[in-house]
Amino acid sequence: MLALDGLSKHFGGVRAVDGLDLEVRQGEIFGLIGPNGSGKSTTVNLICGVFPVTTGEIRFEGRNITRAPPHVCLAAGIARTFQNIRLFGHLSVWQNLWVAQNAMADRKASGFLNRWFGGSARARQEVEALLEFAGVAAKADDLAGNLSFGEQRRLELARALAAKPSLLLLDEPAAGMNVEEVGQLRERLAKLRDDGMTILLVEHVMELVMGVTDRIAVLNFGQKIAEGTPEEIQNDPLVREAYLGAPQSAGGGNA
Amino acid sequence: MDDHLVGVLSNIGMISFIALSAYLLLIVGEISFGQQAFFAISAYASGIATAMWGWDFWPGLAWGTAVAAAAAVLVGIPTLRIRGLYFSIATLAFAEMVRLVFEVFKYQVEIDGEMVGPDGSDGFRDIRYIFENDITAVEYMLMIYGLLAAVLCAFFLLERSRLGSIFRMIGQDPVLAEMQGIDVTAYKILALGLAGLVAGIGGGLYAHLTTFVEPKIFNVMLGVHSLAYGLIGGLGTAFGPLIGVAIDIGFLESIRAISGYRMIAFGGLVAVLLIFRPRGLLDEAAVNWIRLRLRRRHA
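Protein chains in written order, with the working numbering: chain A, 12 to 266; chain B, -14 to 284.
Keep in mind that the hints were calculated from the coordinates and are not lab data.
For each residue, glycine too, the CB sits at the ideal point set by N, CA and C.
It is possible that some hints are incorrect.
[Claimed, not checked] Partial list, computed: chain B residues near chain A (C-beta under 10 Å):
1. R145
2. R147
3. M154
4. G221
5. W274
When you get a sec, could you build the whole thing from the sequences and use the hints?
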């Protein structure tokens, strides 16, 4: 579904991503892990067009999107969340979701009044469903900036889903969450996969990565040092040396 | 009704338009020091239409407003490609250019043996439509407030619409808005055009109330004040800038005992609010709080 082919991004002399080959398959949760500064977030930013690619190619559903700007990638079906929460805090929860959804495909289908005032019945229904999914239905009219940290994280995920993507890029969605919240997030992601979503998950929280992904790639200094199932990765000596550390700490928390 | 009071209220009404104009741009995250230029353009254009071309008041006002809005869009196309501080400086430069053009702009025709029309830095005298047509000061004040009410309704509709949400999104995080597929530059040009239109209504009303406009009235202080009104009153609702105008014109400027201290008090007020309430008294959080309270009471 998504294929990176020799993808590189150089910032001056720094090779943040260096000749990365990856393939994310339809319907899987693909984990991307590695130490800080190994190029995970840069990869996400390259895929969705925030940074221009230095060399290499990105193909999405057979289409070359290497040079596509962010809104074109979004229209193509790639939505994302951010490592640092980015919401429109001055707007209500409802407005955050409504505009994200309306930015997309069915914008021509609904009439003028529906498009500019309140949304069509179907659009409103979809927003309601997303509010339920994020567990913030009771706070639909609150400003997004007034939500708790966990609620904001969930709202950000819901906003990405509002655009009806076929591929979801999640950049450290569990950062700052407690054990219970990580458990809930794991269930949410598993449910999304069951509903047919493809997810690229960048994460440090090993509990989540090992518990929910189908395959994992490990980055170090911008290069892929390993790829495989969670089990294979946990037992890979190279990965243990670069990132996970000794076996007894492999299952827990930040490495 | 007392003449002084009618004068003050008319002033508050007219200045409210330029305050709303600056407010609209603050919503989309741009600080314009140049909204007085569109106020001035409409004052001249509508004055020329009624005093020199013999138009009626309403077509004259509509013409002035349209010229101001068109000028705003034309200015917006190049300037909104630059952002932030650079945009602010560009608007300031544009407004000063407009003022200096009016300082040398001469266009006069002879009407009943007298020369009428803009005469450079001597200004544009005898925009006498409301006197010639026996419109009283109170009637004119009601016209001002009628238009202001219509513009306020438009603002409230805007706030409820997707367009209003998009404006606020652009104001808060233009990069994120762009990533969500919003054409930020196009929407900003639209906002600038609408802001020019709103300022234009005020300018046309102003020219006909005072019967006399001169370029130096439209200096940068008018622009600075109109910005400050929104920042004092709050950026959460269109009532915000009106509160700012009411405090400044209605209270500080119009009560004689304190008018000498106007700029001191005004500057102090702005400084204090920038520290304690950087988005004004009625900021987004306050407005949302009030909105939720009201809804709960009605439910």
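Here's how the hints hold up against the structure:
no.: 1; hint: R145; verdict: holds (7 Å)
no.: 2; hint: R147; verdict: holds (5 Å)
no.: 3; hint: M154; verdict: holds (5 Å)
no.: 4; hint: G221; verdict: holds (8 Å)
no.: 5; hint: W274; verdict: holds (9 Å)
The structure shown violates none of the earlier numbered hints.
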